[in-house]
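A.B. asks: Below, each chain spelled out in residue letters.
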Amino acid sequence: MHTTPVLNTSTEQLPASSPESDVVLRTVGLTRRYGKITAVDNLDLIVKRGQVFGFLGPNGSGKTTTIGMVLGLLRPTGGHVELFGIDTRRDLTSPLRRVGSVLEGASAYPHLSGRDNLRVWAMIAGGVPDGRIDEMLSLVGLASRARSKSRTYSLGMRQRLAIAAALLIDPDFIVMDEPTNGLDPAGMREIRQLIRELGAMGKTIFVSSHLLGEVEHMCDHVAILKSGKLLMQGEVGSLIAQGTALELQTTDADRAEAVLASLEFVKSVTREGVRLVVETSGDHAVDVSRALAQQDIYLSELRPRQSTLEDVFLEVTGES
Amino acid sequence: MTGLLRAELLKMLKRWMPYVLFLLMLIGAATIIWLFGYVSYRDEGEIEFHATALRTFVYPYSVPALLDSGQFWGAAFFVAILATSTVATEHNWGTVRPALVGGVSRARYLLTKLITLTLVSIVALLIVFGFGVLMSLWASNAEGIAVPAPHPEGFSVGDLLIMILRTAFCMIPYGLLAFALTVITRSTAVGIAATMGYMTLEGIIVALLSTGGDIFQDSRYLFLGHSVTVLMAENRFQDLDFNTIAFRDLGSPDQPGIWTATGIIVAQSAAFLAAAFAVFLRRDITVSHG
Numbered sequence: 001m002h003t004t005p006v007l008n009t010s011t012e013q014l015p016a017s018s019p020e021s022d023v024v025l026r027t028v029g030l031t032r033r034y035g036k037i038t039a040v041d042n043l044d045l046i047v048k049r050g051q052v053f054g055f056l057g058p059n060g061s062g063k064t065t066t067i068g069m070v071l072g073l074l075r076p077t078g079g080h081v082e083l084f085g086i087d088t089r090r091d092l093t094s095p096l097r098r099v100g101s102v103l104e105g106a107s108a109y110p111h112l113s114g115r116d117n118l119r120v121w122a123m124i125a126g127g128v129p130d131g132r133i134d135e136m137l138s139l140v141g142l143a144s145r146a147r148s149k150s151r152t153y154s155l156g157m158r159q160r161l162a163i164a165a166a167l168l169i170d171p172d173f174i175v176m177d178e179p180t181n182g183l184d185p186a187g188m189r190e191i192r193q194l195i196r197e198l199g200a201m202g203k204t205i206f207v208s209s210h211l212l213g214e215v216e217h218m219c220d221h222v223a224i225l226k227s228g229k230l231l232m233q234g235e236v237g238s239l240i241a242q243g244t245a246l247e248l249q250t251t252d253a254d255r256a257e258a259v260l261a262s263l264e265f266v267k268s269v270t271r272e273g274v275r276l277v278v279e280t281s282g283d284h285a286v287d288v289s290r291a292l293a294q295q296d297i298y299l300s301e302l303r304p305r306q307s308t309l310e311d312v313f314l315e316v317t318g319e320s
Numbered sequence: 001m002t003g004l005l006r007a008e009l010l011k012m013l014k015r016w017m018p019y020v021l022f023l024l025m026l027i028g029a030a031t032i033i034w035l036f037g038y039v040s041y042r043d044e045g046e047i048e049f050h051a052t053a054l055r056t057f058v059y060p061y062s063v064p065a066l067l068d069s070g071q072f073w074g075a076a077f078f079v080a081i082l083a084t085s086t087v088a089t090e091h092n093w094g095t096v097r098p099a100l101v102g103g104v105s106r107a108r109y110l111l112t113k114l115i116t117l118t119l120v121s122i123v124a125l126l127i128v129f130g131f132g133v134l135m136s137l138w139a140s141n142a143e144g145i146a147v148p149a150p151h152p153e154g155f156s157v158g159d160l161l162i163m164i165l166r167t168a169f170c171m172i173p174y175g176l177l178a179f180a181l182t183v184i185t186r187s188t189a190v191g192i193a194a195t196m197g198y199m200t201l202e203g204i205i206v207a208l209l210s211t212g213g214d215i216f217q218d219s220r221y222l223f224l225g226h227s228v229t230v231l232m233a234e235n236r237f238q239d240l241d242f243n244t245i246a247f248r249d250l251g252s253p254d255q256p257g258i259w260t261a262t263g264i265i266v267a268q269s270a271a272f273l274a275a276a277f278a279v280f281l282r283r284d285i286t287v288s289h290g
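Protein chains in written order, with the working numbering: chain A, 1 to 320; chain B, 1 to 290.
Check each hint, because a few of them may be wrong.
Every beta carbon over 10 Å from chain A, so not counted as near; a handful from chain B, in silico [stated by the list, open to error]:
| # | residue |
| --- | --- |
| 1 | A7 |
| 2 | T31 |
| 3 | P98 |
Going by beta-carbon spacing under 7 Å, a handful of chain A positions derived as facing chain B [to be verified]:
| # | residue |
| --- | --- |
| 4 | L73 |
| 5 | T77 |
| 6 | T93 |
| 7 | L96 |
| 8 | S101 |
| 9 | M123 |
| 10 | I124 |
| 11 | A125 |
| 12 | G126 |
| 13 | V128 |
| 14 | Q193 |
| 15 | L194 |
From the derived model, a few chain B residues whose C-beta atoms are all more than 10 Å from chain A [as the list claims (entries may be wrong)]:
| # | residue |
| --- | --- |
| 16 | W138 |
| 17 | A193 |
| 18 | M196 |
Keep in mind the hints are simulated off the structure, nothing from the lab. Using N, Cα and C, we set each Cβ at its ideal position, and we do this for glycine too.
Make a model of the complete structure from these sequences and hints.
C.D. replies: Rendered as structure tokens:
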């Protein structure tokens, strides 16, 4: 249906990061092997300030491993990570003080209340202003349960507590690994809403997910990973636009198909019953209409068929 | 470091486990004085055992008895269990990850755990010791013995401090053994079982090795208990015995010198510490381990 919009992701084309640049995260040839299995293979990623960056991939594609290496929990077999322009092989702790993270399987001290959990994280981080804990509890909707032990929290509440903990230090960069995993639809909606709000506040967010609709709604940039390899990365809008198709019905479908197939900007023409689906490399509705009219073929219907991120994902991962 | 230390203390002191261990230690101290000392003294028929029981509860002779049992059970129960639980639960709860990704270096994280463990152990065990001394004064009074009981060489505060420091020093390697085992295995069960099993068995193994040839006798130096016994024996007043729950023979003539024993303890402690840090600084931190 769509052609694969392959983006060149070689490091030569990625802007170099430095403490002054707007590149928040850069991975260069990041690789992790477990014995003979390559979990992450020569990954070059770039996330710029202010982006809400979706990190997509099927389960087991290497997303969590990548995040583990970005945050210094896992040692890369090859390549390296730069956070805020700082090579984390040389200095991991100072850039991490500007990062808030919500890791898979929200972690909390079960014997402590929600507030005490945040007190612990605030003490560890240092420099958290008074009142910030209550502010964060309110933000994530846990103020009324702040005194309850976290062992009594639902998974969704623990996830929200983890988000509150990540935001305590007012981080410049927020990393979230499958933040909606295990949540019910209402909980998922809340988290999505929160991420959108954080994005609107100008935070740089890196969120991994295997839920395509979720990423499409939350993120403005996306990278797609499969079997540890980066298949593509770019702006969500442009990735979807690259797959723009026109759906049309004409007075002579056979001739129209031949005419359209000969046009330079047409990638493919397929028939779906009496309709033709024309995949183009951009917005060419007027050109299509003109070309057909010049051959005395007239449109009875013409409408754009907007592809979704799911279409793009299935196309690039070869699962369509 | 201060914030991290405060966080560690908050986490530890809001758990019930340290208080249960503390209560068990108090019960242990009372048991030494009243059951092993006072009750044994009143029941014993043999004059030799009669005197041993008396020295177990009458102050200041009770001090070596309290410290000897305290070193053994304090290290095995309080320090080892606290150390393993403090480290392993962080892995089980997955809370080690957010701490490390929050910009705390691994070395600082582990060092703070060790400092917290040391501080809590010192405070708790000193209170237990003080409680034991109070019990000793009470038991002495109950038996109508004036305290402090006459001591031929005198007994100063300085002597008491040295005895306490010597005892604390002998707890360190077992605490570090438990700490290292738990850091490496990330398992509370392994940390506790291995440390307590080791402490219980090493006395028996050392005694068995003592009956063998040179190689067997020399191999006793590998066991902490062989060196710890030398230092704990130094706490005694004039080599006099007392009742204890520690599995060791303080009167064994065939032991290393004090400085050799001290060196062995320092070397083994350093090895445990190095192993814990070497593993933790390099390992992958994943979701959870049982």
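A.B. asks: Give a verdict on every hint.
C.D. replies: Each hint, compared with the structure:
1. Not every Cβ of chain A is farther than 10 Å from the Cβ of A7(B); the closest lies at roughly 4 Å, contradicting the non-interface assignment.
2. At roughly 29 Å from the closest C-beta of chain A, the C-beta of T31(B) stays outside 10 Å, upholding its exclusion from the interface.
3. For P98(B), the non-interface assignment is contradicted: its Cβ lies about 6 Å from the closest Cβ of chain A, within the 10 Å cut-off.
4. The criterion of a C-beta within 7 Å of any C-beta in chain B is met by L73(A), whose closest approach is roughly 4 Å, and the hint holds.
5. Against a cut-off of 7 Å between C-beta atoms, the interface hint on T77(A) is violated, since the closest Cβ of chain B lies about 11 Å away.
6. The beta carbon of T93(A) is positioned within 7 Å of a beta carbon in chain B (closest approach about 5 Å), and the interface hint is therefore held.
7. Look at L96(A): its Cβ gets to within about 4 Å of chain B, closer than 7 Å, so that hint holds up.
8. Given the 7 Å rule on beta carbons, the hint for S101(A) holds: about 5 Å separates it from the nearest Cβ of chain B.
9. Hint on M123(A) holds. Least Cβ distance to chain B is approximately 4 Å, under the 7 Å limit.
10. Given the 7 Å rule on beta carbons, the hint for I124(A) holds: about 5 Å separates it from the nearest Cβ of chain B.
11. A cut of 7 Å between beta carbons decides the hint on A125(A): the least distance to chain B is about 6 Å, and the hint holds.
12. The beta carbon of G126(A) comes within 5 Å of a beta carbon in chain B, closer than 7 Å, and the hint placing it at the interface holds.
13. Look at V128(A): its Cβ only gets to about 9 Å from chain B, farther than 7 Å, so that hint breaks.
14. The interface hint given for Q193(A) is violated, since its Cβ lies 23 Å from the closest Cβ of chain B, which is over the 7 Å cut-off.
15. Interface restraint check: L194(A) against chain B, minimum CB-CB distance 18 Å, threshold 7 Å, status violated.
16. At roughly 36 Å, the least C-beta separation between W138(B) and chain A is larger than 10 Å, which holds for a residue marked as non-interface.
17. Under the 10 Å C-beta cut-off, the non-interface status given to A193(B) relative to chain A holds; the minimum distance is some 23 Å.
18. The claim that M196(B) is not at the interface with chain A holds, since no C-beta of that chain comes within 10 Å of its own (minimum 24 Å).
In terms of the numbered hints stated before, the structure departs from hints 1, 3, 5, 13, 14 and 15, listed from lowest to highest.
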